[in-house]
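Undergrad: If you're matching them up, the sequences are chains A and B in order. Residue 1 is where the first sequence starts when you use this note's numbering, and the numbers rise one by one after that. Residue 462 is where the second sequence starts when you use this note's numbering, and the numbers rise one by one after that.
A couple of the hints might just be wrong.
[Stated by the list, open to error] Here are the simulated DSS-like pairs of lysine-lysine, each with C-alpha atoms no more than 30 Å apart in a straight line:
id, chain 1, residue 1, chain 2, residue 2
1, B, K821, B, K496
2, A, K35, A, K360
3, B, K561, B, K821
4, B, K880, B, K561
5, A, K333, B, K794
6, A, K333, B, K496
7, B, K909, B, K496
8, B, K909, A, K35
Hints are computed from structural coordinates only; laboratory data are not their basis. Predicted model only: the values in this text are computed from it and were never measured.
Protein chains: 2
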Amino acid sequence: MSVELLVHQDPIAPVILGVTGILFFALLGRYTARKLGQPSVLGELIMGVVLGSMGYYLGFDFIYILREGAAIFDMVSLNLSGMDLHQAAVTVFDPVGAEKILLILHGPNGPALTQVAHTVDVFSRYGVIFLLFLVGLQTSVSEMREIGLESGRVAIVGVVVPFVLGFVMARLLMPELSLNVDLFIAASLGATSIGISARVLEDLGMMNSREAHVILGAAVFDDVLGLIMLAVVSGIIVSGGLEVVNVLAILGWSALFLTAAFWLGPLFLNYTIRLVHRLDLAEAKLFISFLFVMALAWLANFVGLATIIGAFAAGVILHDGYFVHWGDVQRHKVSIRDLIAPLETILVPIFFVLMGIQVKLESFFDLHVLGMGSGLILAAIVGKVVSGLAASRASNRLAIGFGMMPRGEVGLIFASIGKTLGVIGDTLFAAVVLMVIVTTLLAPPLLKAVLGQKTPNDMDD
Amino acid sequence: MSVELLVHQDPIAPVILGVTGILFFALLGRYTARKLGQPSVLGELIMGVVLGSMGYYLGFDFIYILREGAAIFDMVSLNLSGMDLHQAAVTVFDPVGAEKILLILHGPNGPALTQVAHTVDVFSRYGVIFLLFLVGLQTSVSEMREIGLESGRVAIVGVVVPFVLGFVMARLLMPELSLNVDLFIAASLGATSIGISARVLEDLGMMNSREAHVILGAAVFDDVLGLIMLAVVSGIIVSGGLEVVNVLAILGWSALFLTAAFWLGPLFLNYTIRLVHRLDLAEAKLFISFLFVMALAWLANFVGLATIIGAFAAGVILHDGYFVHWGDVQRHKVSIRDLIAPLETILVPIFFVLMGIQVKLESFFDLHVLGMGSGLILAAIVGKVVSGLAASRASNRLAIGFGMMPRGEVGLIFASIGKTLGVIGDTLFAAVVLMVIVTTLLAPPLLKAVLGQKTPNDMDD
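The following block holds chain A by itself, in its conformation from the complex (with noise of 0.2 Å):
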């Protein structure tokens, strides 16, 4: 009976065993992390870590599969253009990995596991787009004007330092690479997590110090010079390398689409809520949102900019103001934010154990590699901490220095839209992660040992 089952049964079940497997595994990592007084995010992504290297080791098909990621659907897109499998398999792997691979699709479960595996893999891109459009959502235009000249110096300087630390650094250990790769490693060196610091400073309740304003005005601030930093070098490498007439089109083409998407956007969101005032308030504010940040993603792109620019933006200019014709804002049972929070909350931890499992620590192996990735993870942490002397000799700059310094998921997505693009390899990909790991590991406790001492009164001289 056992084999009938096999072949009738429901093509959803191994999806739901690798994806609900996955998401449990990240749950353990978070819950584990928290346990400890770490962020979640660096328990889902040592989780990754610990998954991918372990069922490597012992042998996994999924695992192999997974840590894999974009390059399968490469073979079989190849491959279903007309190209023969093998060559297809050779074509985008070395010729070991080629084998590898090959062995595992000829197996009882291998297309399966790469139907599993593209599964995964989309739901963590959907995680990525609406984790950006909440982030989005807390950021408000009015505020970013608000946001005072302090932490735009910390910002502004804790974006550049970084940056040209990090492309001296690749520059200088790596100089086979071209400069697009550079560029682009010194660009993932900029982000900044803001809630891995917020997270420290509320534990330490000190929310109204003054540096906890400067940080997260800051941070705020520097997530949108990060996707900016993201626009300008993804699109100088996609349209084929650093000449000024590229720079300046990326630029031309980045203006074009947040112009239209500031100046459209209200337009076209106005008139389809008109539309759709029959529909319940949480259909209406779903439906809306939805195709809003699907539709910002898609032309983000479509122009040559990153989807999660478009996500980002299309958070900044909604707001559960434009609902109007439901009642009293402030009096509407469900914000936007409480029916997408379901879909991110659901996705993001797939895309971090994911990002996790692609690290290969083998590559590792290796005194240059080692070097290299000491190297990145200096120059992030120094390039943070210098961040804090843009601040007023009244704040504790040193506190905003470590304030600024964890990467968290936006150095990662950064990492893995590399990864898409073809720029960064195995080797900087586990460079980088290993970096945010480091970063978002050390924030938290150097915060501590500065602010710890002091009782949020002393913050104010």
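Once you have looked at the hints, place chain B on chain A.
TA: Using the frame of chain A, we list chain B on its own:
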């Protein structure tokens, strides 16, 4: 530049376009249906049929691939297992279809379209799982015990009579089909969709009438009866045929699964919920619900039942009362329903449109098929109207019969499972979907006509 953009573009971009496009058309159908005073599901389904037929005649590759459904993925699986692509195509499709599919795959967007279609397929299957979970969530065991004798009689007659009529009709009109197919078709006639009649009764302001109580009670009971029937019939098919040993084995597995779920499920829930009491309430509810549904759906499939039976059981077992660690359940800010509903709301319309797209209307250009379809629809209508006779004389029996008529989503899910099991071919699938459309379309006006003249107070005599 645009060529390079296409090469380097984010692989999620075409997926976003395809999935969001499908959802957009679903909402267009839903909105149009509501404007015409029709149920949402009908609008989505008919929109799918229109999209599918128009796309097919206009030669849209994406629609063509979606229409073929899981067959494409079977072909890719055969291919990845080592079979030559051309041979895999010929194995799965007829020669004309195989040639067309290969032509699309070898086109510039072929592989991307396959990936998009795979995502649409996976999303729609997840949608059905969440749908059945939410139906289960509305159904509590204690409530089921309270359902009156009258509702019970109506439900049983309303499942048995359409089943018998459907079986006889299938034997008479389609003697060429196997017993398995007849059984499946007959079973799919037994379903009732509670949502559609509930909305009509609400519109008429008669939710508190005697008839409404009987109909809604019977419909809940019907869900459970229908799922048991599905378990038995699909079990018989999977295990080989209508033999006493098979039927007993299936009944045994079903009983074992349900007993285990209702006995071990609560123990498991209490244990894990205590374990995660450090998470915040929304996170805990979302993760526990998600993992629990998926675990039961997978286990159901593992013992040979449909995944949706597991999802439904999960809904019946789970309730907010388990989350007592976070304080008074009545005052929780979010319910399980609040958290899962956004997932369901986005994914279910994709399922309905996809089902509509997969209706191959051209298979009806044949008198034999047309007669067969009409016969099924007749059996479906008569069978349910007769169920009203099982109500007491005090009730408006015709109204109850009409209220039991709409098949909605449940009948559709039956058909899609039959398709997955390989029992229901293109023609029968189209016939079942048409049966769903016709019964769903007819019920509201008939119900209004019978009940509309009386005032609600007249109903109690």
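Undergrad: Next, verify each hint and record whether it holds.
TA: So, going through the hints one by one against the coordinates:
no., hint, in the structure
1, B:K821 x B:K496, "holds (27 Å)"
2, A:K35 x A:K360, "holds (27 Å)"
3, B:K561 x B:K821, "holds (16 Å)"
4, B:K880 x B:K561, "holds (22 Å)"
5, A:K333 x B:K794, "holds (10 Å)"
6, A:K333 x B:K496, "holds (25 Å)"
7, B:K909 x B:K496, "holds (17 Å)"
8, B:K909 x A:K35, "violated (59 Å)"
Checked against the numbered hints above, the structure breaks only hint 8 and satisfies the rest.
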